Amino acid sequence: MCIRCELSRRSLLVGGGAAAAALATGVAAARIPPNSMVPLIGPGYRPTDRDELGMWAQMVRVEEEISGSNLLFKDPALNLYLQRLIGKVGGPAAQDMRIYVARIPEFNAVMFPTGFTVIFSGLLLRMRNEAQLAGVIAHESGHFLRKHQIRQWRDMRTKTDVLAVLAMGAGVAGGAAGVYTGDLARLAELGTILSLLKYNRTLEAEADAMGLKLIAEAGLRPMAMSETWDQLIGELDESARYRRKKRERRINLFETHPSPDSRRKELKISAAEVTVPGKLYDDGRARYLEAIAPIRQMLLDDQVKLNDPGASQYIVNTLAIDGWNGLLRFHEAEIWRLRNRAGDDARAALGYAAAVGYPDAPPDAWRWHGVMLQKAGRIPEARAAYARYLQMAPNAPDAPFIRQLLQ
Amino acid sequence: MRRTSIAIGAAALALSACVQTKQYADVQFTPPAGDYKLLVMRPDVTVGSVTAGGMVERRADWTETARANLLAALKAQQAGRGGNALILEKRDGLPGVDAETIAELERLHYAVGSSIALHKYSGRYLPTKRGKGLDWTLGEDAVALGRKSGMDYALFLYAEDSFASSGRVALQVLGIAGCAVGFCAPNIGGGGQFAYASLVDLRTGEVVWFNVLQTGSQIAGIKMGDIRTADGAATMVERLLGRMKPGKDIRRQMKARP
Chain A
31 MCIRCELSRR SLLVGGGAAA AALATGVAAA RIPPNSMVPL IGPGYRPTDR DELGMWAQMV
91 RVEEEISGSN LLFKDPALNL YLQRLIGKVG GPAAQDMRIY VARIPEFNAV MFPTGFTVIF
151 SGLLLRMRNE AQLAGVIAHE SGHFLRKHQI RQWRDMRTKT DVLAVLAMGA GVAGGAAGVY
211 TGDLARLAEL GTILSLLKYN RTLEAEADAM GLKLIAEAGL RPMAMSETWD QLIGELDESA
271 RYRRKKRERR INLFETHPSP DSRRKELKIS AAEVTVPGKL YDDGRARYLE AIAPIRQMLL
331 DDQVKLNDPG ASQYIVNTLA IDGWNGLLRF HEAEIWRLRN RAGDDARAAL GYAAAVGYPD
391 APPDAWRWHG VMLQKAGRIP EARAAYARYL QMAPNAPDAP FIRQLLQ
Chain B
5 MRRTSIAIGA AALALSACVQ TKQYADVQFT PPAGDYKLLV MRPDVTVGSV TAGGMVERRA
65 DWTETARANL LAALKAQQAG RGGNALILEK RDGLPGVDAE TIAELERLHY AVGSSIALHK
125 YSGRYLPTKR GKGLDWTLGE DAVALGRKSG MDYALFLYAE DSFASSGRVA LQVLGIAGCA
185 VGFCAPNIGG GGQFAYASLV DLRTGEVVWF NVLQTGSQIA GIKMGDIRTA DGAATMVERL
245 LGRMKPGKDI RRQMKARP
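Protein chains in written order, with the numbering used here: chain A, 31 to 437; chain B, 5 to 262.
FYI, nobody ran anything at the bench for these hints, they're computed from the structure.
Owing to the predicted nature of the structure, the values given are computational and were not obtained by experimental measurement.
The beta-carbon is built from N, C-alpha and C at its ideal position, and this holds for glycine as well.
Be aware that one or more of the hints could be misleading.
A few chain A residues that don't get close to chain B, going by computed Cβ distances all over 12 Å [said to hold, decoys possible]:
hint, residue
1, S66
2, D105
3, A107
4, Y111
5, G199
6, Y229
7, S269
8, K295
9, K298
10, G353
11, D428
Chain A regions said to be covered by chain B (calculated; three or more residues, Cβ under 8 Å) [unchecked claim]:
hint, stretch
12, 77-91
13, 189-197
Isolated chain B (complex conformation):
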């Protein structure tokens, strides 16, 4: 009995850290390249600390640092692709567009994004959307914003990161030590990243690309990147936006060509 739990513990240790991304694209999607204009909609960033009891306590200072790092990394990454990213910090930050319009679009995207999360990521697949890649749109409102602002794409970005507090790490140590006596809790978890990005083509209004990133270790104290540092932020941006794949039809065309 004791031996099996130790074996399970060891297996859990080996499997317990991971980075996952899963992206979907419109079948006709070609990743933006060349001289394009990207509007980044008020990125939502949260960084917190995981208490021993497992609750996440938000840290204002960490959040500020992480936010600045992420935005800098995002600008650099987009410039690398030839794009020009304008980061919207406030709802009224876009000349010629009033705050209410931006707010409405954010709320609309929240609803559409939740629907994508439900039907693409949570297993509630829709038979009508089968084989259609990503088939969601923000409609005319998004097109109108594109026309008014002269932007080609809008990017909605959400990122959260949390770190195990010393109390949580101590608890983890106790959980692993317990394996020796047959009470094994090697993966209480603690800390990890969750982020998503949603790209909207402002010429058609469609959500053309969506990606979710999840990193975490089931062992408190092991970090899989840290967006409070410039390197960690660049890693997250790269993991989230760096490997944009074209849509199914485009991939097929590319394959057909020799």
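Same shape as in the complex, but just chain A:
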């Protein structure tokens, strides 16, 4: 139940023979109108059914392990902000859900069956405002409110049961008739897998619809959710283009999630549907930036070090739509420096020079500005930049080295 998981489809599709099965399951699913989505659980929900009790019991240790993981951001202010945000868009379970942020530079979020969610730091990096982040969190809340995990488990159980009985029955019948039915059974297996994936896509579409309804009710701008997908699609395109490839357009049939393109399209239509004319919707941009301010540089650093210049550049440019600053300029220069193609050093030098023109330039911008000036033989200016670096970061690991340079 994650916003965009990459489950191993290959492992699911051992059998092959997709074309034949496609006829059996059908492809397109209809859009789910947000207003048709109602939460299936109330506040303080506890399971009573045997299978769900088992699932919950299994999650106790999982949550204990996750909540104690050293990948989590422990910053109390940030955690409080996120807990409040899920409280705003969590529907009836707002007070029951827990939210954790893990330092993983990927665009993803996961909801577990017992109502705790893990947000990846790469998501916080990419969101331009609170409405976008709330959209993702509300999508995850939607999984919990609509009991998706247990519904999916039950779907899988029923379908594998039916498959096992059918395969066995067909085998016995075939044996009696003297026909080998192995291939037919294999085909049925593929049909089962495809129908499982289809169910999964339906649940994702439900979570999108439920999430949209929740953020609109909380007064956050509904269109923000489809903008998240605009950004993701743009990023994937850029990342692929840099590697001289095309964004993978996977065959929808084999996906656990609907394709980003169709999700964006449906979210747009649905957002227009839930928007109440005349009502004021908020983006919460200032609140959001304030909350992530202490970790924003780390988020950008983690992304830049992924060595995916196409994606990194797209992200920096997208964030800069709301205005350039020293931090963004510095990281733009970092992307160039690390990319290291012909002419990139000159671009990076210009980038650092631009970054230090902003009051929020990080100390490292001054350091690299100094390095670039020194390389260009502009020694007095380089010394001034180094001096500024030392002034801002007197305890930096390389401070003694830089001091030595200045002597």
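Once you've looked at the hints, dock chain B against the given chain A.
Using the frame of chain A, we list chain B on its own:
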């Protein structure tokens, strides 16, 4: 053709139920005896039911019962050897040791245990560890825990058990009946136990003994022990921990002595 498949079916029926254990020990290992203190680290127990389709559905009530039974059986078994077992139920359950220390050690053991499983049980044997018995350690962290807690050994325990649901058994019946018409599926499997125990000497930090237990029948519906009952739990503890063998060097010394 039909006759051969029936013969194969019959052979499969005969071979299809088994209990397996495989233990490794440090070459210098002597099974703990006398008045020793054993810390049992948050035993991980799971009991589930195998659906007709072959998936395992965890059962919270069965798990609770099995866990209580296993812990009682473990205490009794250790007392029989003269040892005193302290069972750690929660990470913060050990006075003077904080939860984070226990969590770190559990994670470390998870990594080391996975390495033992890979290189001792999954066939990826390491030439450098050949003939060295069990040669893994948790290092200083484990020694520090021993010093702080006054315990001699730590035992990491994992146990799972599953039982074929009525749907799975019905499917099995159909599979065996099919043998009569030449479509033989006598061993679709369903249910069985898997457990491992890992003993760490807290004075040296070394993993001194490791055992894996697997029981199962390839025929759904046949049980090879049931840890939901007190007897079944005692059987599992006995199979897993009851026959601890000393390490190679110690065995050689014992043999040399008349």
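Hints, verified against the model:
Chain B leaves S66 of chain A outside its interface by the beta-carbon criterion, the shortest separation being 30 Å against a cut-off of 12 Å. Taking the minimum C-beta to C-beta distance to chain B, about 18 Å, the non-interface status of D105 of chain A holds against the 12 Å cut. For A107 of chain A, the condition that its CB be more than 12 Å from all CB atoms of chain B holds, with the nearest at approximately 22 Å. With a least beta-carbon separation of about 25 Å from chain B, Y111 of chain A lies farther than 12 Å from that chain, consistent with its non-interface assignment.
The non-interface label for G199 of chain A is inconsistent with chain B: the shortest C-beta to C-beta separation is roughly 7 Å, within 12 Å. Here Y229 of chain A stays apart from chain B, with its beta-carbon at least about 15 Å from theirs, past the 12 Å limit. Under the 12 Å C-beta cut-off, the non-interface status given to S269 of chain A relative to chain B holds; the minimum distance is some 33 Å. In this structure K295 of chain A is separated from chain B by more than 12 Å, as the shortest Cβ-Cβ distance comes to about 35 Å.
Consistency note on K298 of chain A: stated as away from chain B, and its beta-carbon is indeed over 12 Å from all of that chain's, at 38 Å minimum. Here G353 of chain A stays apart from chain B, with its beta-carbon at least about 42 Å from theirs, past the 12 Å limit. Even its closest Cβ contact with chain B, about 31 Å, leaves D428 of chain A beyond 12 Å, as expected for a residue assigned away from the interface. Figure legend: the stretch 77-91 of chain A, annotated as covered by chain B; annotation consistent (9 residues with Cβ-Cβ distances under 8 Å, at least 3 required).
For the stretch 189-197 of chain A, the stated coverage by chain B holds: 7 residues have a C-beta nearer than 8 Å to a C-beta of that chain, and at least 3 were required.
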